[in-house]
Amino acid sequence: MWTHRSPAVVLGQAQRSLRHVIEQRIDGRAELLDREAGGGAVLTGPWMVSASVILPHGHPLLGDSLVGCYRWLGQLHAAALAEFGVPARALPAQSLPLANARIDARTVTWACFGGLSPWEVVDAGFRKLVGLAQRRRQAGVLLVAGTLVGATDWRLLCDVMGYPQDEDILRRRTASCEELAGRTIEPEAFASALARLIGNSLAAND
Amino acid sequence: MIEITLAADVWKDIEPGTEALVDKWLVGEGDSVRAGQPIANVVLVKTNQEIVAPVDGRIEKILVRREETFAQGKAIALLKEST
Numbered sequence: 001m002w003t004h005r006s007p008a009v010v011l012g013q014a015q016r017s018l019r020h021v022i023e024q025r026i027d028g029r030a031e032l033l034d035r036e037a038g039g040g041a042v043l044t045g046p047w048m049v050s051a052s053v054i055l056p057h058g059h060p061l062l063g064d065s066l067v068g069c070y071r072w073l074g075q076l077h078a079a080a081l082a083e084f085g086v087p088a089r090a091l092p093a094q095s096l097p098l099a100n101a102r103i104d105a106r107t108v109t110w111a112c113f114g115g116l117s118p119w120e121v122v123d124a125g126f127r128k129l130v131g132l133a134q135r136r137r138q139a140g141v142l143l144v145a146g147t148l149v150g151a152t153d154w155r156l157l158c159d160v161m162g163y164p165q166d167e168d169i170l171r172r173r174t175a176s177c178e179e180l181a182g183r184t185i186e187p188e189a190f191a192s193a194l195a196r197l198i199g200n201s202l203a204a205n206d
Numbered sequence: 001m002i003e004i005t006l007a008a009d010v011w012k013d014i015e016p017g018t019e020a021l022v023d024k025w026l027v028g029e030g031d032s033v034r035a036g037q038p039i040a041n042v043v044l045v046k047t048n049q050e051i052v053a054p055v056d057g058r059i060e061k062i063l064v065r066r067e068e069t070f071a072q073g074k075a076i077a078l079l080k081e082s083t
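In the order they appear, the protein sequences are chains A and B.
So for the first sequence, my numbering puts the first residue at 1; every next one is plus one.
So for the second sequence, my numbering puts the first residue at 1; every next one is plus one.
Extracted from the complex, chain A is given alone in its bound form (with noise of 0.2 Å):
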């Protein structure tokens, strides 16, 4: 589990050959990072709570394919949010069309948050609360998760990455925790809520 003190931008694999100009342009406001893991880029900071999991190849939790990795870890998600009292499901892939028709905004293709994948977690309007990534190698499947649960510094996201006029759309295409939960949710609390559901569902698919 993984929370953050202060902001960082994680490059995906779309964005790592703009990196001296993001480079520039951060100016010290934010850490430089690049991921592995396919996706958009990512925002971590203060608001953020991470998770990676790493599990050896045909574990039950896996499913049996690529995309069904992500069920796992969505609905995972999601169950750990409404111990918050935060409304979440995770997305099914046939589900995807009708949410990005009902969302009010475009898809955002450079940014993580700014679209929706199978599975990811999100509030009853199809706003975004959790992003999923993975990475498959031999040894095993590393599986990664970031969930919104603070108020995101989009602005400065959109700004590192050239996009200022694409703030409000990340704004509407997302939400956090503490949002639809109407109150404070401290990152550690979740952190610790999340380890242990994950620790929970690993020892009984052990």
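Think of the hints as simulated: they come from the structure by calculation, not from any bench.
Be a bit skeptical, because a hint or two may be false.
Stated by the list, open to error - Taking CB as the label site, the calculated pair distances span:
| id | chain 1 | residue 1 | chain 2 | residue 2 | range |
| --- | --- | --- | --- | --- | --- |
| 1 | B | G17 | A | G58 | 21 to 31 Å |
| 2 | A | D104 | B | D31 | 42 to 52 Å |
| 3 | A | D104 | B | M1 | 42 to 52 Å |
| 4 | A | A151 | B | D13 | 30 to 40 Å |
| 5 | B | K80 | A | R5 | 44 to 54 Å |
| 6 | A | A204 | B | A7 | 45 to 55 Å |
| 7 | B | L26 | A | A195 | 31 to 41 Å |
| 8 | B | M1 | A | G199 | 46 to 56 Å |
Claimed, not checked - According to the in silico footprint, chain B covers these stretches of chain A (three or more CB under 8 Å from chain B):
| id | stretch |
| --- | --- |
| 9 | 37–47 |
| 10 | 63–72 |
| 11 | 124–135 |
On a predicted model such as this, the values are computed, not experimentally measured, just so you know.
Even for Gly, the Cβ is constructed at its ideal location relative to N, Cα and C.
Dock chain B against the given chain A, drawing on the hints supplied.
Frame of chain A; chain B shown alone:
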């Protein structure tokens, strides 16, 4: 010559028409590889997936360059098996 592809089972449950993207080549044309050696990383539905050499051999030609996309079943490289 062996066509290197992203295994069919990886595409299971993927929406038709979705393409994968070559993130990184770990070998170059003319390089010798061993069976099971990782030769490329590709991205599909937010998954960074390793592709390994199926047999010992030499990379004859890279057909899909870094940052380019490819459809299910398309070969991304040709591998000449060692004799």
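Each hint tested on the structure:
Between G17/B and G58/A the C-beta distance comes to about 29 Å, which sits within the given range of 21 to 31 Å. Hint check: D104/A to D31/B, Cβ distance near 50 Å, so the stated range 42 to 52 Å holds. Between D104/A and M1/B the beta carbons are some 51 Å apart, a value that agrees with the proposed interval 42 to 52 Å. In this structure the hint that A151/A and D13/B lie 30 to 40 Å apart at CB holds, the actual value being about 34 Å.
Between K80/B and R5/A the C-beta distance comes to about 52 Å, which sits within the given range of 44 to 54 Å. Look at A204/A against A7/B: about 29 Å separates their beta carbons, and that is not inside 45 to 55 Å. Distance hint check for L26/B and A195/A: the Cβ-Cβ separation is about 34 Å, which falls inside the suggested range of 31 to 41 Å. For M1/B and G199/A, the Cβ-Cβ distance of about 48 Å falls inside the hinted range of 46 to 56 Å, so the restraint holds.
Remark: the stretch 37–47 of chain A is confirmed as covered by chain B, as 3 of its residues place a Cβ nearer than 8 Å to a Cβ of that chain, reaching the required three. Only when three residues or more bring their CB closer than 8 Å to a CB of chain B does the claim for the stretch 63–72 of chain A stand; here the count is 6, and the claim holds. Check on the stretch 124–135 of chain A: 4 of its residues sit with their Cβ under 8 Å from a Cβ of chain B, so the three-residue criterion for coverage holds.
Going down the numbered hints, you'll see the structure goes against just number 6.
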